[in-house]
Structures are given as C-alpha cells and as structure tokens.
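Student: Each chain is listed here by its residues.
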Amino acid sequence: DGGITQSPKYLFRKEGQNVTLSCEQNLNHDAMYWYRQDPGQGLRLIYYSQIVNDFQKGDIAEGYSVSREKKESFPLTVTSAQKNPTAFYLCASRPWTGPYEQYFGPGTRLTVT
Amino acid sequence: KNEVEQSPQNLTAQEGEFITINCSYSVGISALHWLQQHPGGGIVSLFMLSSGKKKHGRLIATINIQEKHSSLHITASHPRDSAVYICAVIHSNRDDKIIFGKGTRLHILP
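Those sequence lines, one after another, are chains A and B.
Numbering of the first sequence is given in this note's numbering, commencing with residue 476 and proceeding in unit increments.
Numbering of the second sequence is given in this note's numbering, commencing with residue 19 and proceeding in unit increments.
One should not assume that every hint holds.
Reference excerpt, derived from the structure (chain A facing chain B, CB under 10 Å, subset only) [claimed, not checked]:
# : residue
1 : 506
2 : 515
3 : 519
These aren't lab readings, by the way, just hints derived from the structure by calculation.
These figures come from a predicted structure and were not determined experimentally.
Every residue, glycine too, gets a C-beta built ideally from N, C-alpha and C.
Required output: the full structure, derived from the provided sequences and hints.
Tutor: The following block contains the structure:
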C-alpha cells in the first residue's frame with residue numbers, strides 16, 4: 476500500500492544531542508514537508524522540498540536541517556541549536572502539480588530532556 | 019490575529035447529536051482542507067474543497083468563498099468521531115503555502 480512512514484513513533488534524546496527523524500513515502504510525490512505541532516497550536520512549517528536536491532525554509536527553520544537526496548526520503552535533523560525541540564513532528568507529501576491535497580505520516584513524538 | 023480561526027476550540031456532545039465546527043480565514047485561498055487527528059497523532063484528510071459542498075458518509079463540508087468561511091458537520095455523531103478536527107487553507111498568493119487552524123477538540127460521549 477502507498478503511504479508515508481515515519482520512524483520511530485517515539486524518540487527520546489538528551490539535551491545537546493542532534494537527532495534525525497525519518498520520513499519515507501512511496502506515493503511518487505514530488506513535494507515533501509516537515510511540520511511541528513505543539514499543544515494548543517496549529518501545525519507550523521519547518522522545511523519543505525519541491526524536488527530532489529532542493530529545499531526551502533519554512534516559518535520555523537532555525538535549529539533544524541534537512542536533505543532531499545532521493546525523491547522518497549526527506550529526513551529532518553533536530554540540532555542542538557533548537558532551543559525547544561520537544562514536540563510532535565509530522566511529515567507530509569503531495570504531488571507538485573494537480574490536486575493540492577497533502578498526505579500525512581503518523582508522526583514522531585520527540586522528547587528531549 | 020491568526021489567519022485561520024476555528025470555533026469552538028473544544029466541544030463535548032452526546033452520541034447522536036449534530037455537530038458543527040466552523041472555520042474562518044482572512045487570506046485568499048485556492049482550496050481548504052478539513053483534517054482529522056486521532057489521539058495517536060496521525061492526520062487523515064477528510065475533505066478538500068474550493069467551492070460548494072462535499073459529503074462523505076456522515077460528514078459534510080461546506081465553504082462560502084465570499085464570506086471566507088467553511089463548516090464541517092457531523093450527523094448522528096458517535097464516540098469514534100472523537101478527535102481533533104483541523105481546518106487548513108491553501109494560500110493562493112504565497113507559493114501554495116498551507117496555513118493551519120489550531121484545531122477543534124471534539125469529544126462525543128456514549
């Protein structure tokens with residue numbers, strides 16, 4: 476079945492460590508997105524990529540980095556520079572042309588202590 | 019002021035009740051999403067609409083582009099409908115950027 480996978484579902488890290496969240500899709504979508512969700516807030520865009528080897532900063536990119544070496548994969552690294560990294564992270568994808576509907580992964584809950 | 023506002027923020031109702039969740043937005047859009055997020059966190063797209071009305075099972079979504087308002091209705095609500103419902107708009111002038119509302123937490127009591 477086609478879809479988006481994120482792993483792991485729960486992730487725990489010590490403060491000061493970088494951590495990479497995985498996002499893989501087999502929907503053949505061109506565009507991929509990373510969002511952050513905090514309690515009581517709407518989803519906020521961290522980074523997005525419209526095509527392989529290209530990506531753009533979203534609204535809250537500071538302290539994060541991404542890569543897009545393959546169409547199927549868009550990993551997100553939460554660096555030690557991110558001041559408040561504990562959050563729920565969602566990956567999404569959609570075709571770049573045609574319907575705008577985004578497909579979401581199951582999310583990764585990151586806890587940094 | 020948020021560009022996408024949802025009301026109510028929280029809603030508790032008895033099983034069987036008719037539910038309405040509202041979404042108002044202040045920007046030009048090309049389309050609007052209604053999304054459902056269950057306690058586990060995963061998000062499912064319920065509807066994407068740019069005009070009129072869509073229906074899927076017990077769910078109905080309407081949009082009024084002139085008034086910049088959309089509603090999501092649930093008929094004959096059931097405890098399994100308990101979730102967070104999120105309105106998201108696709109900005110027509112900002113590289114198709116998606117702007118999300120903060121969500122409405124719905125709890126249906128048996």
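Student: It remains to establish, for every hint, whether it holds in the given structure.
Tutor: Structure-based check of all given hints:
Residue-level restraint check for residue 506 of chain A holds (minimum Cβ-Cβ distance to chain B is 9 Å; threshold 10 Å). With its C-beta approaching chain B no nearer than about 7 Å, residue 515 of chain A sits inside the 10 Å limit, and its interface hint holds. Given hint, residue 519 of chain A at the interface with chain B, holds; its Cβ is 8 Å from that chain's nearest Cβ, closer than 10 Å.
In summary, this structure violates none of the numbered hints.
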